[in-house]
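Residue strings, one per chain:
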Amino acid sequence: MPRVASVIALVTLVSNACGGHEPRETPRQSAAAARVSAPQDTSFAGTTAPVQRASRPGTPPRVLRGVTAASGPGYDRVVFEFAEDSVPGYHVEYTTKPVRRCGSGDPVTVAGAGKLVVRFEPAQAHDERGNSTIAERERTLGLPAAKDMKLICDFEGQVEWVLGVVAAGPYRVLDSPGGGRGGGRVVVDIRHHP
Amino acid sequence: MTARLTAVVIALVAACREAPVEPCPSLRVAGIAAERAAPVARATPFDSAFAAAGAEFHVPPALLKAIGWVETRWEMVQGAEEFAGRAPAFGVMALRGTALERGAARAAVTPEAARRDPLANIRAAAALLDAFADEAAIDRSRTGQWSDVIARYSEIERPDGRAAYTREVDRALGGASPPLGQAPAAAPIACQPPPGSGGAPDYGPAVWRPSPNFNARPSDSTGRVHLLIIHTCESNYASCWSWLVNPASQASVHYVVSEDGDEISQLVHEGDRAWHIAATYDCTLNRRHDCWLNGVQSNDFTTGIEHAGFASQGSFPTSQIEASAALACDVTRDRGIPRDWQHIVGHGQLQPANRTDPGPNWPWTTYLHRVQALCGETVVDDSAPFNDPALAAAVVPDAWSASDSTPGYYGGGYRWASTQSDATDGAAFSFRLAAPASRAVDARWTSGTNRSPQAAYAVISSAGDTLALVRVDQRTGGGGWRALGTWAFPAGWNRVVLLRGGAAGSVVVADALRVRQ
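Top line first, the protein sequences correspond to chains A and B.
According to this note's numbering, the first sequence is numbered sequentially starting from 1.
According to this note's numbering, the second sequence is numbered sequentially starting from 1.
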């Protein structure tokens, strides 16, 4: 597929998955991400180091309302969409330690050789009535880089996912505000393994 | 309270009694709820609006006010969409979506006015309640029927959630007198736990809201309940417990204490393993206490108490602390958990990598003192910061060295001094009694081979009389409370002095003293 066409395909795919519009992403923290001119850039260097952005103290929890994943040329994209216009703090990091559910402490396994942990705080994936706000808490992705993802924490203001990836390769994190009706987003792009 | 309001309260109480799936109602923590005025008795900037809208739409103004308190604590909120499919809430009455539009139309105001203008918002809510009352064909003179209207207004689908909402409204109306569920005729029926729930709460005043998120503790010594973990929910009370009873949460806790402590939910039996702390135990995070548990999953041997609120908040309501302390006293007494700094600890302390709760402003010293006091004991530590100055004080000679090198101490460490045959000094632990009383006295030290086998404690009354001289072998028995004896003490500041005098070549350790009923 020609490059332009594939880019259009990716944008269409992600846009459809995320509510019909593609706000401009704002790179955070990652120096590699800062050089990226557009989210569909397939040549970003990425990083394997932790990427984080702190929230302001006293910020109320953001409510995760959707998670989508798609593959494009050169990388897989996972989008976390929140009900508010702004996003919570986040911390993204590969781990080699056992991953455990934050309530029970039970170990969680994922496919692939790499475990990318994505933590949001303050955040929750349930509403004030105790109902989940997302449809799936475990998903098989089957993408070139990202194989599956599991929610390992939705407790005490933390939402934490672990992404099972083929290898602990470069990734970047982007975030963008919503458009006035919620929809703040955090995007994790994981480069395809060469 | 007006006659009409009283009628509403009584009617709501009656309605709650009749709910077939109602869990055991809270008996309310004694003395706390009753000491405070009902929320509707407080003045708000919207009182005239509640009165006018109530009169216009034939809805009890106090009911409007109570719903406003439950929904927003009488603040004009401008909600954001919480999640897909649930419209944001607006105004004092937290109107949202089609309900807002319907109420606004019935009150002849625009939806935008109902969102932004307090008067329009309250009128729209009153109009909506008026419509619900019409549709339910309730007899408004029989105010007991309002409970169904209130439940409908909540838009909550779960029966227990609707019941909880209705109880909150009742509480706002001053329903503490008479407390829900305390009517003798209703108690046997209302206090039956829901079918399949697995029984009644361990803590009598708690509401039993069973969570499916638990499993069995290990059957060996690692499964013995040993520590009490203090948490904050990072949310409000209803959101906290309702999420933790949802199997999707994969998390739970034994107890949840409401913001003002007037209700406690029990979700998991104390004997079962709730899912509230992910960390495996690391004794270096807990004063090197019980290092044999290192690597054990902390849920195995802990009991958890969540508190509605946030680790970041600047303070915690006194009534919440008091209710939690009463609960903690009950748990520690039933489970044989010592009430000290190694056994009542924060989630963040044991899981510092990603937790801070209950946060820097949890009043640890006050809390622990209240737990102890409610269980009838006073502890005198060698260090002033760990003492309640109204009840306990220690005077230790400067020459006695401070240390924390041997674990098992109370508070932040202990003091020690070498024995000497002609020494006359000692470490004095003083405690105040308001009236003459018989008290058991326990001492605490840390053990070691260099400790004195004949450490002497002089028990001295407030009148200056030496009641006893008790010798203990400090080479063993450290890290816990060891009984010295029971004496009749007069009122005032009595004291127990650990003496340094004795054959040279060993040390005496002054850590703490416990006085108990």
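Simulated from the structure, these hints should not be mistaken for laboratory data.
Treat each hint with caution, since some may be false.
Stated by the list, open to error - Covered stretches of chain A, as calculated for chain B (at least 3 residues, CB under 8 Å): (1) 107-116; (2) 145-158; (3) 162-176; (4) 187-194.
Claimed, not checked - Sample of chain B residues at the chain A side, in silico, Cβ under 7 Å: (5) 234; (6) 243; (7) 246; (8) 248; (9) 250; (10) 275; (11) 278; (12) 284; (13) 293; (14) 295; (15) 297; (16) 299; (17) 312; (18) 315.
Don't be surprised by glycine CBs; every beta carbon is placed ideally from N, CA and C.
Hint-by-hint comparison with the structure:
no. : hint    : verdict
1   : 107-116 : violated (count 0)
2   : 145-158 : holds (count 6)
3   : 162-176 : violated (count 0)
4   : 187-194 : violated (count 0)
5   : 234     : holds, 3 Å
6   : 243     : holds, 4 Å
7   : 246     : holds, 5 Å
8   : 248     : holds, 5 Å
9   : 250     : holds, 5 Å
10  : 275     : holds, 4 Å
11  : 278     : holds, 4 Å
12  : 284     : violated, 18 Å
13  : 293     : violated, 14 Å
14  : 295     : violated, 12 Å
15  : 297     : holds, 4 Å
16  : 299     : holds, 6 Å
17  : 312     : holds, 5 Å
18  : 315     : violated, 13 Å
In terms of the numbered hints stated before, the structure departs from hints 1, 3, 4, 12, 13, 14, 18, listed from lowest to highest.
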